[in-house]
Amino acid sequence: MATVQHVVPQDAFEPSLFGTYSKKIGMWLFLASDSLTFGALLFAYSYNRIANPAWPTPFGKESIANATVMTACLLSSSLTMVLGVLAANRGDKAWTRNWLLATMFFGAAFTVLHAMEWTRLMGEGMMPSSNPWAATVPQFGGTFFTLTGMHMLHVTIGIIYLGVIALRKKFLPILLVLWLVGWLATPSGSVFHYGIHVLLIGAIVAAVVLFLKPKDYDAHDVEVSGLYWHFVDLVWMFIFPLVYLMSTKI
Amino acid sequence: MHDVAHDESKAIYFWVWAGLIFLTGVEVGLAYEQVLAPVRMLEVLLVLSVVKAALITLYFMHLKSEIGTMRWLLIISVCACFALMWIFFFPDADRIIHLGVK
Chain A
1 MATVQHVVPQ DAFEPSLFGT YSKKIGMWLF LASDSLTFGA LLFAYSYNRI ANPAWPTPFG
61 KESIANATVM TACLLSSSLT MVLGVLAANR GDKAWTRNWL LATMFFGAAF TVLHAMEWTR
121 LMGEGMMPSS NPWAATVPQF GGTFFTLTGM HMLHVTIGII YLGVIALRKK FLPILLVLWL
181 VGWLATPSGS VFHYGIHVLL IGAIVAAVVL FLKPKDYDAH DVEVSGLYWH FVDLVWMFIF
241 PLVYLMSTKI
Chain B
1 MHDVAHDESK AIYFWVWAGL IFLTGVEVGL AYEQVLAPVR MLEVLLVLSV VKAALITLYF
61 MHLKSEIGTM RWLLIISVCA CFALMWIFFF PDADRIIHLG VK
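Residue numbers (our numbering), protein chains in the order written: chain A, 1 to 250; chain B, 1 to 102.
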């Protein structure tokens, strides 16, 4: 079959306005738009917090300690992520994978601790439309679960993203096993029994990407995935003080 | 074309991480002491959060190494949107308390 050969003269394209590759610009633009989503949720929560003197303060020492450990997990995951980017830049594939796996471990630890916190609060009777501490402030549950749930979703997507970059197709069976174990291990009435399906959807999307466009992910891909991961960490730097530290019961 | 290689050494990332952990400790300490009124506490926590966010963005996300066009376009556009929310919404939330609305 004859193919058309396009001769592209040098300097035919203008250099990038932002002096970098397009994948990174795309990720930055996505993060800028996503920051407005989280900004709106954070301001909604903070506005309600300030405007309601009867705002519940259900987070005792145990919750604050738990949330502090969660914060340390995310900060440490950012450190391992940036070390992974450094390893990718020097072409060290083994250490790139190791640092990405360490990042995923810290991310998973954060998610598990957060899920335990949610379970404890729901056990005390907190629901999206009501809470047992302040009947006049029913919006507490809604704003809390929306904000922290949105963040937990981002962390979960980040773990899947890093898994695809680090392990490629080998990550798919791991993800499916995690989904199945999580689905069978959680009680049928639990919100996590349904929430675990994020892993199944992630596995399907990852499979489509990996089979339609198989490739070895390079240093650029690691750096772009790192941008996403650090953003998830950055958002938590606002959620932790605004949600937990502003509603302490000490 | 800007390359992915960045100038910082490994040590700077450990220092930034230690700084972030320290600032988190300060925030938790403030929450335990509870010496500030809610609105003042919110302001202090927000300032500390902005400092932490700046450290993450500049060092971990390498925005410090990007060219000025990208750096300033991102910073100014996001900050402008947040400033709009801050200027209009927070004083209103505070005003509701002083009006005595229950």
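Take the hints with a grain of salt, since some may be wrong.
[To be verified] In silico EDC-like cross-links for lysine to aspartate or glutamate, where the CA-CA straight-line distance does not exceed 20 Å:
hint, chain 1, residue 1, chain 2, residue 2
1, A, Lys61, A, Glu117
2, A, Lys24, A, Asp221
3, A, Lys24, A, Asp218
4, B, Lys10, A, Asp92
5, A, Lys249, A, Glu117
6, A, Lys249, B, Glu33
7, A, Lys170, A, Glu14
8, A, Lys61, B, Asp92
9, A, Lys24, A, Glu14
For the record, the hints were derived by calculation from the structure and aren't laboratory data. Quick caveat: nothing in here was measured; it's all calculated off a predicted structure.
So, going through the hints one by one against the coordinates:
1. Lys61/A / Glu117/A: 13 Å, holds
2. Lys24/A / Asp221/A: 9 Å, holds
3. Lys24/A / Asp218/A: 13 Å, holds
4. Lys10/B / Asp92/A: 15 Å, holds
5. Lys249/A / Glu117/A: 15 Å, holds
6. Lys249/A / Glu33/B: Judged against 20 Å, a Cα distance of about 11 Å means the pair holds.
7. Lys170/A / Glu14/A: 39 Å, violated
8. Lys61/A / Asp92/B: 31 Å, violated
9. Lys24/A / Glu14/A: With a Cα-Cα distance of about 17 Å, the restraint between Lys24/A and Glu14/A holds, given a limit of 20 Å.
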